[in-house]
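Protein chains in written order, with our numbering: chain A, -17 to 302; chain X, 9 to 191.
Hints in this document: simulated from the structure, not taken from any laboratory. Fair warning: this is a prediction, and the values are worked out from it, not measured in the lab. The beta carbon of each residue, even a glycine, is placed where N, CA and C say it ideally should be. A hint or two may mislead.
[Stated by the list, open to error] With the C-beta cut set under 8 Å, the calculated list includes, among others, these residues of chain X facing chain A: (1) T79; (2) A82; (3) A84; (4) F89; (5) V90; (6) T91; (7) R112; (8) A113; (9) L114; (10) S162; (11) V167; (12) R170; (13) G171; (14) N187.
[Claimed, not checked] So these bits of chain X aren't anywhere near chain A, every CB distance computed over 12 Å: (15) L39; (16) Q44; (17) L46; (18) S52; (19) M53; (20) S85; (21) E120; (22) D152; (23) D153; (24) G165.
If you want the building blocks of each chain, they are given just below.
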Amino acid sequence: MNTPDVLSRLQALLERVRARSRAQGLPRFPEVSSGASPQSGVDVARPAAPAAPPAYAGVRGPEPASLASEAAAVSSPQVPVRPEPWSQVVERTDGGSPAFSSSEESLGVSTWTPTPPAAEPEIVVDVEETEAVRAAEYGVDVTEPEARSSESDQRLRAAEAAAEPEVEVAAASPSDLAGAQEPAPSASSAEIEPEAPTRAVEALEEEERAPASSRRPVVLAAEDHLAQMAFGAEESPIPHHTPPPESGRLPSASVEEFDDATGIRGARVEETGRKVISHLAAESTRANLDRGDTIVETLGEARRFAPVTFLELLDASLEL
Amino acid sequence: MTAPSFDSAGAVRFDLPRGTVRTAAEDERLLLVPSQALDGLAKSMHGGDALEAFGRALGAAVGRRAAARLTNVATASIEEFVTQLAGEAALAGTGLIEIERWGRALVVILGEPALPGALVAPFIGGAVQAASGRAVQAVLLSGDDRAARVLITSEQGAVRVRGWVASGCSWGEALARLNRGRQ
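Taking the hints into account, I'd like the entire structure generated from these sequences.
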């Protein structure tokens, strides 16, 4: 199955859904109210308020607060909501418009019919919504980050090939498309189709103008960032082996490190880039020794040469 | 203890009829010789062993007479020994003897020497040797008309001191070196 066929089928499905909603008076995206109770129709899961992921900022689901805001936000990028109820609806039909009431009764499925809106909303067909519905119809959980990232990448590629008339489905795979049981595309889908590439390009451009926080650099920049995270801004990788210290006398500490008279010095820390160099200071302990006048004990006196006789003196002189 | 004294009474006898001069102790004949005659003799002999011998003989006579006056030379004190030696030298007319102790070195001073310089050292050496009975060497350290200083030492000491003095060392430094060699 080629892409045009897929697109045509999706267009047809979209039209059927819209027609159904008009017939039942249902809002395209029903409001979430505490007092509402399921009455009829398919078990439609309430579209919860989407937590807009940054990777999928290009398309956002509609705000469930009011249909008016939904209409105003149609042209702006929105995140699609969980598409499970629509897929269930599609599977139950055997072709043609599904009859909800009869099928529900036969299947014993509890339904819930939201309160009809005050005014019929004016739905404007937009390629962004079209893509969101397509993704929802084929069971793709657009809230998954992996899917959104892959879709954003695909949209980026699509933006590069803006000259092509076809718009690729972001998250839809050929297998999913093959499993879809859709009727033949209607004439309205054919009219929408030429506008799809242009709208797709615009959607991609709007995606590119997404907030700066959601932008992702190209692969090359990501690699640089990873390299920075791994190795630091301006550092080289830590070598496995450090060179041995040089032999010989080591340089002694500078004199200025020993100015403290108390002998107690604090450590100084310096930052050099990401390195923290700490200068270690020695803490010395000295003994306080007092002067001692009576340390030495002398015994006797040194022998003086004091000859008594002349011969002693003479002998001493002769011994020199 | 009384200071020692020298009894010079009857020490020299002039026998005018015989025309002799003799000592009283040993009856040894003496000759009164003018000192200038000894200076001429010393100059004519130009030093040497004969002059050395003549001077030592003069001193020996004095030393022997001093020793005769001592009771016991071995036990005689320095003052007693010097007193007797000085008396005899005075009677001989050679001069006045004094002693100095420079550490362990014995230095004899001859004041108002009547002997020429060449005869002083041998005279003192001879006297001390004769008086003590020890073989001594005498080295003239200094000398002029007022006094002459003589070192009494051994033969080895004498050689060393003569060498130092000849090299320009003062006699005081020589005595200091002599004492250091001993320590």
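Consistency of the hints with the structure:
no.: 1; hint: T79; verdict: 12 Å, violated
no.: 2; hint: A82; verdict: 6 Å, holds
no.: 3; hint: A84; verdict: 6 Å, holds
no.: 4; hint: F89; verdict: 4 Å, holds
no.: 5; hint: V90; verdict: 7 Å, holds
no.: 6; hint: T91; verdict: 10 Å, violated
no.: 7; hint: R112; verdict: 4 Å, holds
no.: 8; hint: A113; verdict: 5 Å, holds
no.: 9; hint: L114; verdict: 4 Å, holds
no.: 10; hint: S162; verdict: 5 Å, holds
no.: 11; hint: V167; verdict: 12 Å, violated
no.: 12; hint: R170; verdict: 14 Å, violated
no.: 13; hint: G171; verdict: 14 Å, violated
no.: 14; hint: N187; verdict: 7 Å, holds
no.: 15; hint: L39; verdict: 29 Å, holds
no.: 16; hint: Q44; verdict: 33 Å, holds
no.: 17; hint: L46; verdict: 27 Å, holds
no.: 18; hint: S52; verdict: 33 Å, holds
no.: 19; hint: M53; verdict: 28 Å, holds
no.: 20; hint: S85; verdict: 6 Å, violated
no.: 21; hint: E120; verdict: 22 Å, holds
no.: 22; hint: D152; verdict: 23 Å, holds
no.: 23; hint: D153; verdict: 26 Å, holds
no.: 24; hint: G165; verdict: 5 Å, violated
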